[in-house]
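S.K.: Going down the list, the protein sequences come from chains C and G. Residue numbers for the first sequence follow our numbering, beginning at 8 and rising by one. Residue numbers for the second sequence follow our numbering, beginning at 8 and rising by one.
I should point out that these hints are in silico values taken from the structure, not numbers from a laboratory. Think of the CB as a built atom: it goes at the ideal place given N, C-alpha and C, for glycine as much as any other residue. You may find that some hints are simply not true.
What the hints assert, rightly or not - Capping the alpha-carbon separation at 27 angstroms, the derived lysine-lysine pairs in DSS-like fashion look like this:
(1) C:LYS54 <-> G:LYS165
(2) G:LYS229 <-> C:LYS10
(3) G:LYS61 <-> C:LYS10
Stated by the list, open to error - Not the full set, but computed from the structure, chain G residues with beta-carbon under 10 angstroms of chain C:
(4) ILE11
(5) VAL40
(6) PRO119
(7) THR168
(8) LYS172
(9) LYS315
Said to hold, decoys possible - Short, incomplete list of chain C residues facing chain G, as computed with Cβ under 7 angstroms:
(10) SER21
(11) ASP307
(12) VAL310
(13) MET312
Number of protein chains: 2
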Amino acid sequence: MPKISIKGQTMPESPIRKLVPFADAAKKRGIKVYHLNIGQPDIETPKNMLDALKNIKETVIEYSHSAGILSYRQRLCEYYKKNDIHITPNEIIIAAGGSEAILFTFQTCLNPGDEIIIPEPFYANYNGFAVSAGVTVKPIISTIENGFALPPISEFEKLITTKTKAIMICNPSNPTGYLYSREELEALQEIVKRYDLYLIADEVYREFCYDGETHFSVMNLKDIENNVVLIDSVSKRYSACGVRIGAMISRNKEVMTTAMKFAQARLSPPSLGQIVSEAAIETPDSYFAMVQKEYLARRDIVVEMINKIEGAFCPKPKGAFYTVAQLPIDDSDVFCQWLLEDFNYNNETVMLAPATGFYSTKGAGKHEVRISYVLKVEDLKKSMICLEEALKVYPGRTI
Amino acid sequence: MPKISIKGQTMPESPIRKLVPFADAAKKRGIKVYHLNIGQPDIETPKNMLDALKNIKETVIEYSHSAGILSYRQRLCEYYKKNDIHITPNEIIIAAGGSEAILFTFQTCLNPGDEIIIPEPFYANYNGFAVSAGVTVKPIISTIENGFALPPISEFEKLITTKTKAIMICNPSNPTGYLYSREELEALQEIVKRYDLYLIADEVYREFCYDGETHFSVMNLKDIENNVVLIDSVSKRYSACGVRIGAMISRNKEVMTTAMKFAQARLSPPSLGQIVSEAAIETPDSYFAMVQKEYLARRDIVVEMINKIEGAFCPKPKGAFYTVAQLPIDDSDVFCQWLLEDFNYNNETVMLAPATGFYSTKGAGKHEVRISYVLKVEDLKKSMICLEEALKVYPGRTI
């Protein structure tokens, strides 16, 4: 048999997917599994998007422009303007999800062998896109004690070499839910300017901010317009992950011209997804108010119930719909598998994501799990009771 | 400004797109442009696919399985069975178009620095995916005199080094329309087996075979089951390019396991596209009969009219909806631009793709153009008259 690529073999496996067979087996044994392991929201997609599908008049489903349908990019500019981000259609390339936007950005802005600094824990698939583009991730640990705030700028400076080309953040963060303050972003702006680096910001959870906090976009940082690349997606905003529509946005003309070559090689982003995403611009504010209220209630119940568990600790994140909690366990990979394989409470158990998968540093995250609060409050309550009961009997309990 | 990636800068520009501004300018001057430059068919998408959109019951557009919706992969197996290709759902990864399937295949099967042999002229975007994956394309010229038949196996052997990992073909071919015979494929089978290479076959034009010829798939070559990867797409089959649904197919378990890691990193192929593509399996045979009849008439008129032009020559391809014609011109890039910039016949002109973009060998294809016969017969006739008149006055005419 021909030898498989080294590149393919170094491609990391998704930290969440590896538990799926254990969840499937648990279900076969008749156990109800609460899925807090994935970012697939249960919230309904806005009706105006679904209606757009029913009203499609085209008789040929054609390729769109490689950068995306122009009318969609124009409407998107309206959306951004409402969010105090001022851009033009030429500064947008529509991608097959935020995923493709990240890949295009890495391929455009970094050479194979170049380094990108990312505060960890970070979204695990950044590792996959880094392998695809041949670039090296240099992690900086942010700690649960500080609620996963931005590490000191001096820590970034320690890592900067001649190979460093970019800093990447996710704001608000998957997996921590941490919302960066304007001051933190301005600290990043300074270092980006000083060392002439790219600042790549994944802002797909922009709408999910709590406790009266507002989101500050990297697109509004001054003096580094040519250094900033924004990654966006409609997946979480409208609970429409399956449409696979994201965007790569930058004011740097050379970056966009180069990224367009990658976009043209794959011809076109999905046309149907673009049609419903264009319709999404009409989504009423009441939809977001409803969603935000729902997630706030979910976050509060999860954080409150975890912090009542002996030996457990959970910061109160101000964004996204994730939180990373510290648990009195020896190894989160073992624990999360044990929850599915060997535990149930009244025939119920909970599926969590081991935080190890969100760290690039070996051994980090062993006492932490990521919880996606994408279920209804009643189910979250039952899940947290499950977790509490599990920790009482888990053989690898540490304290 | 931060330095753009070398990778990004070596990414080739699409040979077709660079003429778009000239076509736009011609249209602004009131000139009708016949687009024979692109592979966007004008044929209608089957109604059963469009109806599926109107019947969508889901209220959340969710991620699908990373390999694609299981029911879709099951139905796809029925489609393949009908085409004498016998595979299981686990041997299929649904991708965002044939494009993503090619990228996954290159990333999985080849290391950065590895070499892939491709008979040229070949589909220009293979170059782009090769750059993305960091692999090197080694072209072998097939000649118009032989109707672009498979070059002698001895020519392949001359190119094989320790870095050679794969041979890639497109059958029937974009851009030449050449349909490989079973004997040619068996010759490839032998060399693939002898040197233990991958054989990657892009068969997206499977349905488009003329003159009573039938398509023989690489999936039916014996003894090299683990070496074969099939690239497929619904784009051309159902005239549904915008749905962005393709597939990577292989019986090699290790290849599929590795490719799944790339598939999981980008989470999911487009869900809406999968729903309509599943509905596409119901497309009646009468649709394909109608389409084939239409393209056959188009091919015949194009080939006949070109061969009547003094100094021009066009083989009669047996597949796809492209043909490469030799014209009495100094430089196809200059000629194709001149057609848009400086020529019109009764306020009409024609947009063709210079064949240079389909060759990897510098200087090859200067006297050839690719013609996509994706317009109605009447328009093709007018286009060919335009071409004939243009060649009478083109300043760079060679004979």
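S.K.: Confirm or reject each hint.
M.R.: Taking the hints in turn, this is what the structure says about them:
no.	hint	in the structure
1	C:LYS54 <-> G:LYS165	violated (60 angstroms)
2	G:LYS229 <-> C:LYS10	holds (19 angstroms)
3	G:LYS61 <-> C:LYS10	violated (46 angstroms)
4	ILE11	holds (5 angstroms)
5	VAL40	violated (17 angstroms)
6	PRO119	holds (6 angstroms)
7	THR168	violated (15 angstroms)
8	LYS172	holds (7 angstroms)
9	LYS315	violated (31 angstroms)
10	SER21	holds (4 angstroms)
11	ASP307	violated (23 angstroms)
12	VAL310	violated (25 angstroms)
13	MET312	violated (26 angstroms)
The structure is inconsistent with the numbered hints 1, 3, 5, 7, 9, 11, 12 and 13, although it conforms to all the rest.
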